[in-house]
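So the sequence lines, in the order shown, correspond to chains L and D. Sequence positions in the first sequence follow our numbering and run 1 to 292. Sequence positions in the second sequence follow our numbering and run 1001 to 1322.
Among the hints, erroneous ones may be present.
Unchecked claim - In silico DSS-like links for lysine-lysine, alpha-carbon gap of 30 Å or less:
#1 K1314/D with K283/L
#2 K279/L with K186/L
#3 K102/L with K1314/D
Just so you know, the hints here were simulated from the structure itself, not pulled from any lab data.
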Amino acid sequence: MKTNYFNSAILFRWLNYIFLALCAAATVFPFLNIIAVSFSDSRAISAGEVFLWPIEFNWDAYRNLIDDGQLIVAMKNTVLMTVVGTLLNMVFTILAAYPLSKSRLRGRSIMLQAVLFTMLFGGGMIPHFLLINSLGLVNTYWAIWLPALISVYNMFVMKSFFEGIPAELEESASIDGANEWVLLLKIIIPLSMPVIAALTLFYAVGWWNSYMNVLIYIRSTDKMSLMVKLYQMIDLVSPEMLRSGEGVTEQTLTPEGIRAAAIVFSIIPILSVYPFLQKYFVKGVLLGSVKG
Amino acid sequence: MRHSESLHPQPAEAALAAAVPKRGLKRHIIRDKYLYLMLVPVAVYFLLFKYAPLYGEIIAFKNYRLTDGIWGSSWAGLDHFRQLFSSKEFYVVMRNTLLLNLYNLVFAFPVPIVLAILLNEVRWNGYKRVLQNLLYIPHFISWVVLGTIVIAMLSPSTGIVNTILELFGIEPIYFMASPFWWPISFVGSGIWKEAGFGTILYMAAMAGIDPTLYEAAKIDGANKLRQIWHVTLPGIRSTAAIILILQVGRIMDVGFEQVFTMKNPAVTQVAEVISTFVYTRGIENLQYSYTTALGLFQSIVALILIVSVNKLIKIMGERGLW
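Isolated chain L, as found in the complex (with noise of 0.2 Å):
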């Protein structure tokens, strides 16, 4: 009875290994495919023979890319917007949930209220693209920036992270005469730097994607991010996806090798300080789920 029970949880445990490595396996198949038709040749990926390695290596496809200049000049901007914009939510974030997280502050639960509000209950796509219209934002990065300033959800973790920071830390200081602008830079910050390093990643990782605002604000190509000029490259080429490959052979590049390369070309930034900083993401969303 006993050896049965053992050979069964052993049997378990080896195909429930064998059935997570296939899921992971699963996941990142897509993108090694991916990066290998982006150095494929064009006759290999045409016939739909690449599978995880490239099939008759070239830079063919990067090198288009490079020529045409406009994903740089996209990424460039992308750069622009997702340093700004994540130092933006930073600082107000901050700002919001320092006071927010005092007990002894008047009027803390009707605003915090007002906040969560929002949260439920939003004005839709249209009233928000008339107000930042009439506010003369179109075709600003501003139009991007203004209207995500803080993150409701990202406050709340910031402030239950507040809120677990010994009072007594502060005490003393306030003692010494330390006003709460002083308090907060030399104080609270620099114990917050677990919850920070999280939260400015989420905002960044947000913002190096963020694709709907800038396809609903920006007008001007040479200022449109990363996402939509992908999305434009990807939708010039679609009729192609859903017909058959036919007239596409003799051409040099595919469509799919292109877009293969400019696919790898806007995740690498991603990929690469993937591996470093996943510990804070995982650490970010666990913040985030101890509440109160």
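Using the hints provided, position chain D relative to the given structure of chain L.
Showing chain D alone in chain L's frame:
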């Protein structure tokens, strides 16, 4: 954890409160002037970008024209709602929105739970960490990229999936152009993006389960499956409840970006959802009032839903969202 300390009165704040005579608001404002000062830009932000658009919802009841402004446009009463509810397109986008979310609830919601249970059984920590890191990756990639990869992989002529099907003698399937396959591809790609990352909260909940419960179950002769059923699942019940509320609250709202990148003219009948409809009709075709009416209807239903699900979860004995 340290967060629980915030529940207890903090000595410093108590001391400060005692130092200030309870003589009204003015003293409080003077004492905390810097805190209020910090909140000024925050308040401006919320009033301007979160509350002002609520005023803009009025145009759902008006015939809004850009030149007349919100207040200057003529009143339309409920005309836009009447037009909306009597149109066929309204039922199509409502049906698609609800169906795609329902598929997600039924097929995608349980996946991270199952994955987390399986990952939790992995005893070899290095292996577990590698698996987790790989499974989280798609969460950080935008829908534009993921949607494009999905379209490329499912392409009937050059996609790897059809190449593999061909090996088994199966005719190429036009996944993205078929009203039957499109929703399946949609839900499948959603699982690909979020299932791995979704395990984090469940894994954390499982780490919090008292190990003696497993010991007791083992002594009672429970095998692995029964341990999972009687110990692990009850341990993650409240986490699952919270995630479920959030999902039901969003049932009127299919993510714009996923649909927008994956849809194409061949599948509009099953792929057009409220957000993409509002975008094309409102932003691109300038039917502001009509689409605002739809947006307002969507927001109100979503609010009612999330409030009632939260209440229901509390009646069932779990901790709600608020």
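We went through each hint and held it up to the structure:
Straight-line distance between C-alpha atoms of K1314/D and K283/L comes to about 28 Å, which keeps the hinted pair within the 30 Å bound. For the hint pairing K279/L with K186/L, the CA-to-CA distance comes to about 26 Å; that is within 30 Å, so the pair holds. For the proposed pair K102/L and K1314/D, the alpha carbon gap of about 28 Å is at most 30 Å, so the pair holds.
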